[in-house]
Amino acid sequence: MKCNGLELGYVYCPNHHYVCDECHGKEQFDEILRLALTVKGKNPIVNAEYMMKRVSIPMLGCEHGWIAAASLMAAIRNTGQITISDEQIKEALYRTKRQAIGAYCGLTGICGIAPAIGASFSVILGAACPKDRETAVTMHVVARVIEAVANEAGPCCCKNFLRTSLSLACELVAKHLEIKLSNDRKIICGDSHRHPHGCRASKCNYFNHVV
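Using UniProt numbering, the first residue of the sequence shown is number 1, and each one after it goes up by one.
Calculated from the structure, these hints are not laboratory results.
On a predicted model such as this, the values are computed, not experimentally measured, just so you know.
Careful: at least some of the hints might be erroneous.
Claimed, not checked - Below, simulated DSS-like cross-link-like pairs (lysine-lysine); rule was C-alpha separation at most 25 angstroms, straight line:
hint: 1; residue 1: K53; residue 2: K26
hint: 2; residue 1: K53; residue 2: K186
hint: 3; residue 1: K186; residue 2: K42
hint: 4; residue 1: K42; residue 2: K53
hint: 5; residue 1: K180; residue 2: K40
Could you build all of it, start to finish, from the sequences and the hints given here?
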């Protein structure tokens, strides 16, 4: 995909090739959105693992933020405990796409998965600037997610961040929305060899210790 647009960018290949944020991952975003509307799982981590296998995404990248919102919103809807429309799922994904941008975990300290979880709570609670509790809860949720992924950084790993954030999100959904999500599947990462900066190995909760 090539739009010939110009923008200030931070991530490009050694040969100076560049893909703008608008074009970046467009096909993947559309596919993740489609899966969010059709997946039947009530476990957000299992939903995320399914999406990562079905959609061609890189080892690291903003696509993991999109999957975070998609898998969490779908899981909450699939419990049947509250009504979530297709439009609400789409809205959570569209909001996430505006903030989940590649490399910003390092550039600003905000991993795109944090606003993804935040967007999900915001859409469900109806948070907005004039609101009181709804906005406060959403902000507290995002703060908790940022703290959780910060404890897993060094180097950053989007796969770990996604799983860690969704596991925490299950707790936060139970606390703030009073909805119990399934979170009982042991996940073992099969992507350690793909990490361009080196896997954290035994420091990661999802590392496969059996060789």
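So, going through the hints one by one against the coordinates:
Between K53 and K26, the direct Cα distance comes to roughly 17 angstroms. Compliance with the 25 angstroms bound is thereby established for this hinted pair. In summary, the hint linking K53 to K186 is supported, as the alpha carbons are separated by about 17 angstroms, within the 25 angstroms threshold. Of the supplied pair hints, the one linking K186 and K42 holds, its CA atoms being roughly 15 angstroms apart against a limit of 25 angstroms. Proposed proximity of K42 and K53 is supported: the alpha carbons are some 17 angstroms apart, at most 25 angstroms.
A C-alpha spacing of about 16 angstroms is found between K180 and K40, which places the hinted pair at or below 25 angstroms, so the restraint holds.
When held up to the earlier numbered hints, the structure conflicts with none and fits them all.
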